[in-house]
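Input sequences plus hints: build the corresponding full structure.
Number of protein chains: 2
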Amino acid sequence: MTLPAEHRQVLIASLPADRLQTSNFEVRMAPIPVPGEGEVLCRTVAITIGAGQRAGLQGSASYAGAPEAGRVMGGTGVAEVVSAGVGALRTGDLVWGQTGWQEYSVMRAKDLTVVDPSVSAADHLGVLGLNGVTAYFGVTEIGRVQSGETFVVSAAAGSVGHVAGQVAKALGARVVGIAGSDEKAAMLVDVLGFDVGLNRKSADFRNDFRAATPNRIDVYFDNTGGELLESALFRMNQYGRVVCCGVASQYDTSTPGPGPRGVPGLLVNNRVRMEGFLVFDFEQRYAEARAQLSAWMSAGRLRALTADYVGLDSAPQAFVDLLAGVTSGTPIVQVGST
Amino acid sequence: MTLPAEHRQVLIASLPADRLQTSNFEVRMAPIPVPGEGEVLCRTVAITIGAGQRAGLQGSASYAGAPEAGRVMGGTGVAEVVSAGVGALRTGDLVWGQTGWQEYSVMRAKDLTVVDPSVSAADHLGVLGLNGVTAYFGVTEIGRVQSGETFVVSAAAGSVGHVAGQVAKALGARVVGIAGSDEKAAMLVDVLGFDVGLNRKSADFRNDFRAATPNRIDVYFDNTGGELLESALFRMNQYGRVVCCGVASQYDTSTPGPGPRGVPGLLVNNRVRMEGFLVFDFEQRYAEARAQLSAWMSAGRLRALTADYVGLDSAPQAFVDLLAGVTSGTPIVQVGST
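Listed in order, the protein sequences are those of chains A and B. Using the numbering used here, read the first sequence as starting at 68 and increasing by one per residue. Using the numbering used here, read the second sequence as starting at 68 and increasing by one per residue.
Be aware that a few hints might be false.
[Claimed, not checked] Chain A stretches covered by chain B per the calculated footprint, using a threshold of three residues with CB under 8 Å from any CB of chain B:
#1 286-297
#2 309-315
#3 325-334
#4 340-353
[Unchecked claim] Here are a few chain A residues that sit away from chain B, every Cβ distance over 10 Å (derived from the structure):
#5 76
#6 78
#7 94
#8 157
#9 167
#10 207
[Unchecked claim] Restraint ranges, calculated between C-beta atoms of paired labels, are given here:
#11 B:154 <-> A:256: 52 to 58 Å
#12 B:180 <-> A:355: 44 to 50 Å
#13 A:70 <-> B:281: 48 to 54 Å
#14 B:215 <-> A:177: 31 to 37 Å
#15 A:135 <-> B:350: 54 to 60 Å
#16 A:257 <-> B:175: 52 to 58 Å
#17 B:81 <-> A:281: 54 to 60 Å
Quick caveat, the hints were computed from the structure, so don't treat them as lab data. Beta carbons: idealized from backbone N, C-alpha and C, even for Gly.
Shown next, in the form of structure tokens:
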């Protein structure tokens, strides 16, 4: 295979002052990088984008680190090794890693995971990627949902949420999903098999939410924080668990809201556990999660949703759409052919 | 023993509109009640008061129930059985139960716990009572403090706080207590052996708090909620635990403040667990807690503090003082002789 002389990269042009815009990014051409000792050159096949990456662009502390203007935007992708292999890694292997938003990248061989080429890049980045694995451990290890319990998830049509709800359903819970439109709410029930889908923007949301949780809430899987978290706290059962997974309501703003009322009083009165987690804490068990998720997919009990974009240049728009709640499922930006 | 014809009771005269006042209570004389089937008449020796009882007077939902004007104020006490015994319970037994604020009470025999008459009523109601047992399980089961960790407790001179700090110290933690005056802060170190005592009202509190937690906080035992909880959340270590035990900052007001900023974002980034509990959940294990607390007292590693009041009529003032943070330790109102 012949390499081009240059490749496309998406840079952070400026940190967003308030809501993210596509103008916060710019595309440039750059020379193909050269791998050093222990490194390989990879050609990006597809990337995904997580809402949590917006937090890093606030310039404040976050698990995503602190990107700055002028740097290539970071991100997770699936890529093909195009240089000579290193160790067990061979030319032509399909790998999962931190490619960033660019057509070619140099990565350390030890940071890469070889993935099964018979599974789509979208599945590797979505339901079997960090999003799906996050949902799996959040539901099973943090939420510890039991059969017959009421499970509520926010941003339920999102990349983590749509998997979390289906995992809880597979484990026997009654599943209520909260999304940002009537269409998404209907999709949760009709396409994904949730018991109830709610539109948080509906004028009747408060009543709908109460009606949908007649036995209150045993596990609330929180992807948003903010008002939805507060509403859920007031509906928790005794010994309920709040899985703190993401803070989507706070990412795309320069003025985060106040904390939820009822903290800590409601936690005490109802003996509620509220626990934050990052998927990286379960790194030793990713294979277990992927095996279970794959088994559910094969059995038709888990359906992966993706929001598909074509071409690296569409990545900024995919990110803006994600934060605006325009799309459902895991954003997948197809960068090159497989 | 001859019974008097009447006895004193303290009634709730009115629910407090804002801060509790002694005028929210009134003393009246009432006939000595007559026990029915399975009940005994008891003469109150001493009662204690918990800040959480203020929540019930807000008329809103709380684990303390919802007292109303015209009723005898509820409360925990140690009393002597003065009627004929029931089952294993005998005349003259010293018992622990829900006496309420009155000189005599009728209680169901099965709701009473016989206590050791060689231990003071103050210890039965304080360090070996629900306050001490709350501290014990909060530290060991919810906070799960480990030797060498940094443990911070708010309302540290209070009935639960002063025991919690000493329990954590006995378990090998570095203990920082936060109280409401310089005198209390000094007492925590000088009398109770805490590593650091801080005055939350000091102008330098924020800096003092940071300086006192150079390795950040592993367990924060929260008796207050509000601003202190928020400050602690910003100092938590990864995998830190927040023990939600009480909400003293919110009890004595009609306008509870907003929730703490940083919830849930900080919980996610630092993988923090925040968990509410009520001591009643550990009822099957009270004996275990009391045995350990007694052993530490005998070994000189645990010192019980009390704020002593004499006479039932002083109970309203004791409650007001407790909420105002005037006193240290467990409020004990001596009602009758032992």
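How the hints compare with the structure:
As drawn, the stretch 286-297 of chain A meets chain B at 4 residues by the rule of a beta-carbon pair under 8 Å; at three or more, the given contact holds. Only residues whose C-beta sits within less than 8 Å of a C-beta in chain B count toward coverage, and the stretch 309-315 of chain A has 5 of them, enough to reach three; the restraint holds. Taking a C-beta to C-beta cut-off of 8 Å, the stretch 325-334 of chain A contributes 10 residues in contact with chain B, enough for the three needed, and the coverage statement holds. Counting residues of the stretch 340-353 of chain A whose CB falls under 8 Å from any CB of chain B gives 7; the rule of at least 3 is met.
In this structure residue 76 of chain A is separated from chain B by more than 10 Å, as the shortest Cβ-Cβ distance comes to about 28 Å. Distance check for residue 78 of chain A against chain B: the nearest CB is about 26 Å away, which clears 10 Å, and the non-interface claim stands. The claim that residue 94 of chain A lies off the interface holds: its Cβ sits roughly 31 Å from the closest Cβ of chain B, which is beyond the 10 Å cut-off. No Cβ of chain B approaches the Cβ of residue 157 of chain A within 10 Å, the least distance being about 36 Å, so the stated non-interface status holds.
With a cut of 10 Å on Cβ distances, residue 167 of chain A stays outside the contact zone with chain B, its closest approach being about 22 Å. Distance to chain B confirms residue 207 of chain A as a non-interface residue, since its nearest Cβ pair spans about 16 Å, more than 10 Å. Between residue 154 of chain B and residue 256 of chain A the C-beta distance comes to about 57 Å, which sits within the given range of 52 to 58 Å. Take residue 180 of chain B and residue 355 of chain A: their Cβ atoms lie about 47 Å apart, and the range 44 to 50 Å holds.
For the hinted restraint 48 to 54 Å between residue 70 of chain A and residue 281 of chain B, the CB-CB distance of approximately 51 Å keeps it satisfied. Between residue 215 of chain B and residue 177 of chain A the C-beta distance comes to about 33 Å, which sits within the given range of 31 to 37 Å. Roughly 55 Å separates the CB atoms of residue 135 of chain A and residue 350 of chain B, a value that falls within the hinted 54 to 60 Å. Checked against the hint of 52 to 58 Å, the pair residue 257 of chain A and residue 175 of chain B passes, with Cβ atoms roughly 55 Å apart.
Taking 54 to 60 Å as the suggested C-beta distance range, the pair residue 81 of chain B and residue 281 of chain A does not conform, at roughly 36 Å.
Comparing the model with each earlier hint shows a violation of hint 17 alone; every other hint is respected.
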